[in-house]
Amino acid sequence: MSLSRAKARKRQRMYIIGAVLLAVAGAAALILTAFEDSVVFFFSPTEIIEKSPIDPDQRLRIGGLVVEGSVQKLQDGKTIAFAVTDMAETVPISYSGILPDLFREGQGVVAEGHMNAEGTFVASEVLAKHDENYMPPEVAESLKKSGYWEEIEAKNAEQMRN
Amino acid sequence: MLAEFGHFALLLIVATGLGQAVLCSPFWLRVPVHASLQGNPVLLTDAGTITTNGSTGGLPLNSRAHLIMPFGILAMAIIAQAALLHSFIISDFSLPIVAEVSHSSTPLLFRIGAAFTPDGGAMVLWLLMLSLVNVLLTLQLFGPAKSPYAQEDDGTLFKNAMSIMGLLIAVLGVATLIDADPFLRIPVAPLDGRGMNPQSQDILRVLREPFLYVGLAGLAVIHALTLSGLIFKKFDRRIAETLRFWTIASWLSLGAAIAINAYRSYSQQAWGNWWYWDTAENSLLLPWLLTTALLHCRAVLEKTETLKGWTAFLGLSALAVGWFGVYLTRSDLFGSLSETLNKPHDSVALLIGFCVVFAGSYYLFWRRGEELGEPRSFELVSRESSMFINSVMLALIAAVVLIGTIYPLVLRWFDGENITVGGPFYVEVLVPVVVPLLFLMGFAPTLRWRQDEMWLIGRRMKLAAILSVIIILFVSIRFIELSPAPLIGIGLAGWILTASLSDLWARLWRQPDHGESKYRNLQLLGPRYLSMTLAHIGLAIMLAGGAASSIWEEQVVVSARAGQSIQAGPYNLQYEGVALLAGENYATRQATFILYRHALPVTELFPEIRYYPIRGVETREAGIWHGRDGDLHVSVGDRADDGGRIVSVRFLPMMTWVWAGMIMMLIGGTFSILTRIVLRFQKNGVSTS
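Sequences listed follow chains W and R, in order. Note that full-length UniProt numbering numbers the first sequence so that position 131 is 131, with each residue one more than the last. Note that full-length UniProt numbering numbers the second sequence so that position 63 is 63, with each residue one more than the last.
Isolated chain W (complex conformation) (with noise of 0.2 Å):
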């Protein structure tokens, strides 16, 4: 009796142990094949250059300062133009829709969409999500490697101190 009910057990941990270990490698399975196909990446314009071009298909972020006086609405009254930059190079940019809350011409924006043939990047979104601190932290960095960081900064604590 108490035979069968320890093999009964030990029977139902190794049904726990197995089930455990095939769902956690269905999941490291899932995990990576999603991470190769739907994880986007962020670039720089800097980045963008040097990459193009760049598979129309292929999602991608490209974050930066909007360039003053770039910011334009097209005929159709909806499509929006602007361009940003990291201080080094600039790409162009286009999206249709209302552009977040924190949008302002010279300061950091991050866009996530495709490039089209002509090297303009296409926008399906302008990302609202960020921070308080007018910077998003991907653009913050990629003005550091630009290397224009510092100046930007002052400029801002600048702004902040008027």
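In short, the hints are calculated from the structure, not lab data. The beta-carbon is built from N, C-alpha and C at its ideal position, and this holds for glycine as well. Each statement offered as a hint is correct.
Derived lysine to aspartate or glutamate pairs resembling EDC-like cross-links, with alpha carbons at most 20 Å apart:
{"hint": "1", "chain 1": "W", "residue 1": "K10", "chain 2": "R", "residue 2": "E371"}
{"hint": "2", "chain 1": "W", "residue 1": "K51", "chain 2": "R", "residue 2": "E417"}
{"hint": "3", "chain 1": "W", "residue 1": "K7", "chain 2": "R", "residue 2": "E371"}
{"hint": "4", "chain 1": "W", "residue 1": "K7", "chain 2": "R", "residue 2": "E305"}
{"hint": "5", "chain 1": "R", "residue 1": "K233", "chain 2": "R", "residue 2": "E371"}
{"hint": "6", "chain 1": "W", "residue 1": "K7", "chain 2": "R", "residue 2": "E374"}
{"hint": "7", "chain 1": "W", "residue 1": "K155", "chain 2": "W", "residue 2": "E68"}
{"hint": "8", "chain 1": "W", "residue 1": "K73", "chain 2": "R", "residue 2": "D638"}
{"hint": "9", "chain 1": "R", "residue 1": "K234", "chain 2": "R", "residue 2": "E305"}
{"hint": "10", "chain 1": "W", "residue 1": "K10", "chain 2": "R", "residue 2": "E305"}
{"hint": "11", "chain 1": "W", "residue 1": "K7", "chain 2": "R", "residue 2": "E370"}
{"hint": "12", "chain 1": "W", "residue 1": "K51", "chain 2": "W", "residue 2": "E118"}
{"hint": "13", "chain 1": "W", "residue 1": "K51", "chain 2": "R", "residue 2": "D415"}
{"hint": "14", "chain 1": "W", "residue 1": "K10", "chain 2": "R", "residue 2": "E374"}
{"hint": "15", "chain 1": "W", "residue 1": "K73", "chain 2": "R", "residue 2": "D642"}
{"hint": "16", "chain 1": "W", "residue 1": "K144", "chain 2": "R", "residue 2": "E417"}
{"hint": "17", "chain 1": "W", "residue 1": "K144", "chain 2": "R", "residue 2": "D415"}
{"hint": "18", "chain 1": "W", "residue 1": "K10", "chain 2": "R", "residue 2": "E370"}
{"hint": "19", "chain 1": "W", "residue 1": "K10", "chain 2": "R", "residue 2": "E379"}
{"hint": "20", "chain 1": "R", "residue 1": "K303", "chain 2": "R", "residue 2": "D236"}
{"hint": "21", "chain 1": "W", "residue 1": "K145", "chain 2": "R", "residue 2": "E417"}
{"hint": "22", "chain 1": "W", "residue 1": "K145", "chain 2": "R", "residue 2": "D415"}
{"hint": "23", "chain 1": "W", "residue 1": "K73", "chain 2": "W", "residue 2": "E105"}
{"hint": "24", "chain 1": "W", "residue 1": "K51", "chain 2": "W", "residue 2": "D37"}
{"hint": "25", "chain 1": "W", "residue 1": "K145", "chain 2": "W", "residue 2": "E47"}
{"hint": "26", "chain 1": "W", "residue 1": "K7", "chain 2": "R", "residue 2": "E379"}
In silico contact screen, one side only, chain W against chain R (beta carbon under 10 Å); selected entries:
{"hint": "27", "residue": "A19"}
{"hint": "28", "residue": "A27"}
{"hint": "29", "residue": "K73"}
{"hint": "30", "residue": "G97"}
Given chain W, put chain R in place with the hints provided.
For chain R alone, kept in the frame of chain W given last:
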């Protein structure tokens, strides 16, 4: 001056927390001298440990001194919180924390709300909630209306849990003081503050915080009880019974925080989506997922005393992911920006505390988990195993969400490469996990404990299966071009809904007649069953709404002139123009729309663009109408070049179901907790179901 009192109170919280940890510690038992001093005969139990016969354990003096500690901590926490709120209310800018997130022009309500948004303020709130649940735990375990299991207990196990609570409070108190001391003062106060982040100036954002931290505090109690169960190798029905209130309470308040957060993202951002998979949201979702798993395993533990190890693991992990989530949302450890952008500190003490607490907890689990013992076993087809499988699935989902949240941060840290893990990743990974989970969820409540038969399940679920196949066929024939994922979602929602309802029906009408009314049958089902059914149906409704609104969403972006009407779904919006109005600390351009449904006026909507001059930031508030066939979501943008104004109108069919489903789940949890409390006081803890 009051801030210094608060600071002192914060220090005292740490000291009193440590005091509680020491006074309630079970290690006093190891010293027989104290027991003999006390005048009680010393008993050598068969386990080889020495206990006193006085059935109190603990301190040498047979005192209940330790029971005063929680009240002392609560008083300190209230003082600290009051001092902080006072500093915000009077706008005392000599405290950097106030100057950072508040301004003299901020309205009173949001000056109070701002007190919870910076790291230090959030920590004070967390400490307040922790000390509140600490007192509730004391009352539950040692108070006049204590549960029958607590009455049986000789006091050591539960006292040990109080000791761990004291320790947690002390650790978090120290972390508050080191990382983000809210009561620091600077000698020269700035003339005014930087103002509250306008995106946080929202009543929902303020409401979310207390719910989040009550939830996390409840998880701390679960952690403490689980840990002391492991220490004493008594992880049994008694613990499960004691955990019941805390799991439901944490599940409920974390769920409420998630729902509030979702609604806020939906209504405030111009591109309002209710779920973004961003770090803040994931850090709410993670503990909620594990608490949901725990909720079910705890029921199994209470009923059959099986799944001990797994339940204990979940009990420890729920707080672990909650704590880690708090750390993630406020740390820049993985970024390289802390030195220039944010505050100079990085929540290091919070991280170190996390590592120490959970290294200890998991070490103990590893050592003791094996020794818990499972008195009974169950078959593969049984209620226990279905709950176990689903809790593993929930834990897997949590693991996926955790990996998705951390992976980009780790990659950036190591490689300097920036990637985004967003919606597509989670959908791709989670669909294969969620589908079997929801399928099992449909019939798991009908399974018998210990052993059940496949053919019996088939017979029981016949009706539900047929109905849900009909729903899928109907939807897929009517909308042929539909992609499979949302269709599966709708099908599974139908499956859970019909399965829950048919089970309820069977229990109400096919039950042997008690010779009484059906109302009596309803009563016999008990609050647990009813709240469970309510929550399951709520999830199904939310799922259906989410799937449907994602498929049939219609969006129109136009440049509108006054008087122009915009068609979206069955609705017609007439744009009336924009008025410039003054808010309390902002200026707003408020647009007016008249909403018609089939040419009949329904209501007026007022989406806004607010401008907050203090931070020079604009925010956009959407106008939302919850109609019977879905939500109408309208937001306005800048002026277009042709003289019109850019208007974005979205019609989200069945979106109302998402909110209704969330509310139903919350009502289910509330109902369960309320009946629990009523029963406790009616019958002194005897539960009927």
